[in-house]
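Q: Each chain, written out:
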Amino acid sequence: MEYKPTILTGGEVRSDDQIIAAHNKSARRVSGPALPGAEDSPLVIMELLQRLRVKDVMRSREIISVERTDSMRFAQNLMKRNKISGVPVLEGKRLFGIVSVNDIISALEGGWIHDTCQQHMATNLIVLEEDMPLAFAIKYFQNYTFGRFPVLNKDRDLVGIVSQRDVMRVLMKELTDELTRLEGATQQDKGIEPSKSEGALPYYSMRQFVVVHNDLSSAGKAANEIKKMLSDSGVDKKFIRRVAVAAYELEINICIHSVGGTLTFILDTEKATIVAKDNGPGIEDVEWACRDGTSTANDWIRSMGFGAGMGLSNSKRVADTFDIKSKIPTGTTVMCTFNLSGQNNVKQDV
Amino acid sequence: MNISDIVQVLDGTLVAGGNSSRTVGAVVANDLMSDVLLNDADDILLLTSLASDQAIRTANIIGAMCVVVHNAKPLPQTMCQVADTLGIPLVSSPLSKYESCVRVHGFLSKE
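Those protein sequences? They're chains A and B, same order as listed.
Here the first sequence is numbered in my numbering, starting from 1 and rising by one per residue.
Here the second sequence is numbered in my numbering, starting from 1 and rising by one per residue.
A few of these clues could be false.
[Said to hold, decoys possible] When the alpha-carbon atoms are kept at most 35 Å apart in a straight line, the in silico DSBU-like pairs for lysine-lysine are as follows:
{"hint": "1", "chain 1": "A", "residue 1": "221", "chain 2": "A", "residue 2": "327"}
{"hint": "2", "chain 1": "A", "residue 1": "271", "chain 2": "A", "residue 2": "139"}
{"hint": "3", "chain 1": "A", "residue 1": "221", "chain 2": "B", "residue 2": "97"}
{"hint": "4", "chain 1": "A", "residue 1": "327", "chain 2": "B", "residue 2": "97"}
{"hint": "5", "chain 1": "A", "residue 1": "80", "chain 2": "B", "residue 2": "73"}
{"hint": "6", "chain 1": "A", "residue 1": "271", "chain 2": "A", "residue 2": "55"}
{"hint": "7", "chain 1": "A", "residue 1": "154", "chain 2": "A", "residue 2": "173"}
{"hint": "8", "chain 1": "B", "residue 1": "110", "chain 2": "A", "residue 2": "221"}
{"hint": "9", "chain 1": "B", "residue 1": "97", "chain 2": "A", "residue 2": "83"}
{"hint": "10", "chain 1": "B", "residue 1": "97", "chain 2": "A", "residue 2": "238"}
{"hint": "11", "chain 1": "B", "residue 1": "73", "chain 2": "A", "residue 2": "238"}
{"hint": "12", "chain 1": "A", "residue 1": "154", "chain 2": "A", "residue 2": "93"}
{"hint": "13", "chain 1": "B", "residue 1": "97", "chain 2": "A", "residue 2": "237"}
{"hint": "14", "chain 1": "A", "residue 1": "237", "chain 2": "B", "residue 2": "110"}
{"hint": "15", "chain 1": "A", "residue 1": "316", "chain 2": "A", "residue 2": "154"}
{"hint": "16", "chain 1": "A", "residue 1": "228", "chain 2": "A", "residue 2": "316"}
{"hint": "17", "chain 1": "A", "residue 1": "55", "chain 2": "A", "residue 2": "173"}
{"hint": "18", "chain 1": "A", "residue 1": "316", "chain 2": "A", "residue 2": "55"}
{"hint": "19", "chain 1": "A", "residue 1": "228", "chain 2": "B", "residue 2": "73"}
{"hint": "20", "chain 1": "B", "residue 1": "110", "chain 2": "A", "residue 2": "316"}
[What the hints assert, rightly or not] Coverage of chain B stretches by chain A, computed from C-beta distances (three or more under 8 Å per stretch; other residues unrestricted):
{"hint": "21", "region": "4 to 17"}
{"hint": "22", "region": "28 to 42"}
No wet-lab data here; the hints were simulated from the structure.
Bear in mind that the values here come from a model prediction, so they are computed numbers and not experimental data.
Glycine included, each C-beta is placed from N, C-alpha and C at the ideal position.
Please take these sequences and the hints and turn them into a complete structure.
A: Next comes the structure, spelled out in structure tokens:
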């Protein structure tokens, strides 16, 4: 008999995009990056949860497993010997089910400990996919009572197991590393040069700028500072210009359209990220606001050279990824990323 | 066309930012800074009527080689300071922006 287990990824079999869309839809906050499990987290942790993947934390070596024809007794001894509370049932690398301690207890009580695993294993499985952001794994641990989840690759083969302990172990290590890097960035702000070769990219640096409502005399300072940071890092000029244009437009937007907010710039060896976050009043129709030439700016703002309605569309045009979330009256968050890999092959010259 | 040529052709005065040896790669005449940011050329000569810090900051973002403000508009002190800080030559011209465009075009056509 061919067993075809129902493999569930949060309720049903779905593509990565569908899963991400579903999670984004159910996120509590509308503003801010819609990352499950990270809605209220500091920026560094959010970035970490987004960057790390399930495959970065899972245990993939020596997966202890049984075959469908093995007995429940064999599974029991295997679990006892390895001090684990469940084993996946495999045929090759294909996952067919899981036998847990509860299944073993039931088998002992019911007298079917000598039956095969395929007769009593659980087949409605909740699994993670190896390329999912770590935030999804954390969300799953919150939503389900399981202590560990099987991890599948794109071919639906079992490639690892992830437990809460695995997540904590890797997260603590990465957080420690991030703190060390941030300390380095802080030293840089104090005028202490980080240990890097001249013109080389810093491993990680972050700067946050406060943008004040209607302070047009200061608007643009943050973008110019960001441009200087990139110039000092020896990045391609076209790349610098793209990042600077987006930073400038978003900074001006916060200044003239909101009650104030922050512009955050994050640079690592793979990408540059700009997060523009304001504290309200929010945008009623985001799609409309992103069109060329649409603006709510008044005559005073226009007389200062702004309000042409190109800010958001310009930012979107130059960025590799562009994400905007807005809610009335709490505010708007725009996130733009720029990939450093193959930086000469820019998305579009500006 | 270098800074000295710009000053001479536009009857202008170099008021801040210092001289440089850069030459004009393209010309943009505009008062809306978002429109200015759309240009992708290098070494832009920015002709504008906007006498504010933002004209200089915008010029810096796109790597412009010079900013010319027209109609002899009084230039705020902070604008000159920003130009000095960012090293962007700032020229004041008594001409209208339209007249400047005509003269610059005439000069570049002969180059």
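Q: Please verify whether residue 97 of chain B and residue 83 of chain A have alpha carbons no more than 35 Å apart.
A: Violated, at about 81 Å.
Q: Quick one, are residue 316 of chain A and residue 154 of chain A close enough, alpha carbons at most 35 Å?
A: Roughly 31 Å between the alpha carbons, so the hint for residue 316 of chain A and residue 154 of chain A holds.
Q: Given the hinted pair residue 271 of chain A and residue 55 of chain A, is their Cα-Cα distance within 35 Å?
A: holds, 21 Å
Q: Can the restraint linking residue 97 of chain B and residue 237 of chain A be considered satisfied, given a maximum Cα separation of 35 Å?
A: Judged against 35 Å, a Cα distance of about 29 Å means the pair holds.
Q: When you check the alpha-carbon spacing of residue 97 of chain B and residue 238 of chain A, does it fall within 35 Å?
A: holds, 29 Å
Q: If you count the residues of the region 28 to 42 of chain B with a beta-carbon closer than 8 Å to a beta-carbon of chain A, do you get 3 or more?
A: n = 9 at 8 Å, threshold three: holds.
Q: Within a Cα-Cα threshold of 35 Å, do residue 228 of chain A and residue 73 of chain B meet the stated pairing?
A: holds, 30 Å
Q: For the pair supplied as a hint, residue 237 of chain A and residue 110 of chain B, confirm whether the alpha-carbon distance does not exceed 35 Å.
A: Measuring from Cα to Cα gives roughly 30 Å; hence the hint holds.
Q: Between the alpha carbons of residue 271 of chain A and residue 139 of chain A, is the straight-line distance 35 Å or under?
A: Judged against 35 Å, a Cα distance of about 26 Å means the pair holds.
Q: Holds or violated: residue 221 of chain A and residue 327 of chain A, Cα atoms, limit 35 Å.
A: With a Cα-Cα distance of about 27 Å, the restraint between residue 221 of chain A and residue 327 of chain A holds, given a limit of 35 Å.
Q: Tell me if the straight-line CA distance from residue 316 of chain A to residue 55 of chain A falls inside 35 Å.
A: Judged against 35 Å, a Cα distance of about 31 Å means the pair holds.
Q: What's the verdict on residue 221 of chain A and residue 97 of chain B, does the C-alpha distance respect the 35 Å limit or exceed it?
A: holds, 27 Å
The structure fails hints 4, 5, 8, 9, 20 and 21 (numbered hints given earlier, in ascending order).
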